[in-house]
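Chemist: Chains as they are written, first to last, in our numbering: chain A, 1 to 463; chain B, 1001 to 1291.
It should be emphasised that the hints constitute simulated quantities derived from the structure, not laboratory data.
Hints are supplied without guarantee of correctness; some may be wrong.
Restraint-style ranges between C-beta atoms, simulated for each label pair [stated by the list, open to error]: (1) L1209/B with S312/A: 43 to 49 Å; (2) P1058/B with D133/A: 40 to 46 Å; (3) I316/A with A1162/B: 56 to 62 Å; (4) I434/A with Q1259/B: 19 to 25 Å; (5) S1096/B with D133/A: 41 to 47 Å.
Here are the simulated EDC-like pairs of lysine to aspartate or glutamate, each with C-alpha atoms no more than 16 Å apart in a straight line [claimed, not checked]: (6) K1107/B with D255/A; (7) K320/A with D1186/B; (8) K362/A with D1159/B.
Note that the coordinates shown come from a computational prediction; the quantities given were computed from them, not determined experimentally.
Heads up, the beta-carbon is just placed ideally off N, CA and C, and yes, glycines get one too.
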Amino acid sequence: MKFLISFVVLFWAALVHAISSSGDRLLVVLEDAAEKETYSKFLGDLEGRGFQVNYETPKSDSLNLFHLGERSYDHVLFFPTKSKGLGPHLTPKILLDFINADGNILLALSASQPAPSHIVSLLLELDIHLPPDRQGLVVDHFNYDVLSAPEKHDVLLVHPQGALRPDVRDFFSPAAPGGEVIAFPSGTGQTLGAGALLTPILRAPATSYSYNPKEQAEAVDDVFASGSQLSLVTTMQARNNARFTVVGSAELLSDKWFDAKVKKVGETKEVGTLNREFAKQLSGWTFKETGVLKVNWIEHHLNEVGQVNATSNPKIYRIKNDVSYYISLSEYSWDKYIPFTVPESDELQLEFSMLSPFHRLKLEPVLTSRDSTTYSVSFKLPDQHGIFNFKVNYKRPFYTSVEEKNTVSVRHFAHDEWPRSFVISGAWPWIAGIGATVTGWLGFCALWLYSKPAKGSESKKTQ
Amino acid sequence: MRFLQSFIAPLMLLSAGATQAASSWGFEDAKLSVSGKKADGAKDKDVRKFDDSTAILPTPVVFDSFDTFKLKLKTKENGKGKRPHQAFLVLRDPTSGLEAPFPLTVKDGGKATLEIKQSELPIQLAITTGPLKASLVIASFGSAEGFQKDVFDVEVVRDPVAAPVAYEKPLRYGKLPEIHHIFRSDPQSPPKVVSLVFALAVVATVPALFISWLVLGGNVSHLPKALGAAPIAHGVFFGSIVAMEGVFFLYYATWNLFQTLPVIGLISTAAFLSGTKALGEVQSRRLAGER
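Sequences and hints are given; from them, build the entire structure.
Modeler: What follows is the structure in structure tokens.
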């Protein structure tokens, strides 16, 4: 019996093949339980990856993001709600406290329901702007699905956008061998502020725009945003690495669009949607299953020629010493740590700085193991003495930030580490002078002690 | 006649099918004008006319800081004037890819107007150096195909007298420029030849000194007499003077102060103790008149 129980437990444990690196307690906030059915595949995927899912309505009394000062959930998933507010347990301040306590939030909006005021305030705090009156529908008359929205053009078909820049790792492009697209049905677009913490994952195509269906049904003469300024899926990673994702269309995550067939206007054949894979990558990033970096260890030591057994991580160096620095980084990918490779045109940099960097050098990968990569660089310490720091400051979109600082003293030359005077050619006349003086002194002593006066002085004396 | 009749029916069907597929938006009678400040009078600086079938205008439209840019056109669907939902003039910067839409004000019959001043351009487009590409996007709901095409280039000219607009690029995380510390140069000595010449000059003074002593009558004739009178004292005394120089040399070469000082102590004691006797012997020779 015991054997059977342990076997079953182990069997279930083996099935869990992906887990978040920062906890598995997920809270899903929905208006009513019937919505669970429309998102059953998405929620089922989340449970399959090892999350413990709790469902609550916003106004319920048992909903508490904090308990005795600690977070009771690690992640929150919001679906669109009809009510104007979100209740006393989800005020904007509580949600901000949740983000400050390293909690992750995935927020899904919809064009058919105006966003609750709590959500709008929270988004304003993060510099994400929704259309005025919280009513906005994104349409595109050139990239819509003719099968489901031939008249209203509100189902956008967007190709996965690839890397944001050549030096940023791409986490959100599902493979599309047959030209599959991501369907974005009846969603709201957002505009973003200029901060470095906000990154759009999916931008609207150039010909799309957002309008208010109630007031701008006839013609648009004052557009909220259009084209690539309109962000359909936005991410924000705070400085404490808490992640916040806004998905403009909650229907993107619904069962209907996970395996739908769509046909873009102007094309001849139908293709499938990539929504399921896109939702997996999106929720995986937001709930810290991907894009998480870890520093395993840091080591620096003296690297001079002809030294013996340099100590590891000494507290003090001398100016112009040759030093080597090693740092080992791992990346968490779905369920295990893998070696971290820096993206192509990006560099991992070491700064050797006092108040400002004296050196900023590229760290090269030297060793790759099963779960980590070691990066290293060797350089000569500056000829300025003082207190210096080895700083690695690696902050990039979609990766957690790596900030490591090791402080060392750098002393000046000791009195016996300078070059000797006999190797300095300019000193030779002076050394010759000393030698001449010594010889003259000894000669004089011998002369004075043992000489006999010359004849001339004798005669002078007896005068 | 029969032949013509059988010919006409499929032709009618074909044309009907053709009009069905070709339901699309377009525009006609577009007139673009750039007018200067009101004080210049109503004279427009640059007037262009085009419609949806003309190619992109060959010369760019120059748009200065005090100019007002006016565009008038008539949108049509299938040849009939109609009001579309979306009628934008989109200005795009080819180098950065940034776009700014300007919605046209459209009346029911399809007559559309747009007026832009340079101050309405977003700052990133206003300070660009190359020409901007302007395209018209006219589309609406339903099955009619939308219209999107580049229609002309815009060159934005800033008033050189006006204060330059400062645009700070927002911070984006990425790699920073490499820094290598520039070391101070090591101290340098003059060429070795110069040092050798002067060192030889200094060394040459030693034989000069000894020769001049000899010329002046220097000698060590009393050495045997002194050694005969007080051999140990003189030996130790002169030896300690020479040993002191040796200690100085060893201190220069390898010793530290803590090795040197005891030895100096020993040698000075020896010099003191032997010196009284040795110098006493010298005094005796002086008193005897031999010095």
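Chemist: Each hint needs a verdict: does it hold in this structure or not?
Modeler: Verification of the supplied hints:
1. L1209/B with S312/A: 43 to 49 Å: The hint (43 to 49 Å, Cβ to Cβ) is violated, given that L1209/B and S312/A are roughly 60 Å apart.
2. P1058/B with D133/A: 40 to 46 Å: Given about 44 Å between the Cβ atoms, the range holds.
3. I316/A with A1162/B: 56 to 62 Å: holds (57 Å)
4. I434/A with Q1259/B: 19 to 25 Å: Holds: the Cβ-Cβ distance is about 20 Å, inside 19 to 25 Å.
5. S1096/B with D133/A: 41 to 47 Å: Between S1096/B and D133/A, where Cβ atoms are some 31 Å apart, the hint is violated.
6. K1107/B with D255/A: violated (42 Å)
7. K320/A with D1186/B: OK: K320/A and D1186/B at ~12 Å, within 16 Å.
8. K362/A with D1159/B: Not satisfied, since the Cα-Cα distance of roughly 44 Å exceeds 16 Å.
The structure shown violates the earlier hints numbered 1, 5, 6 and 8.
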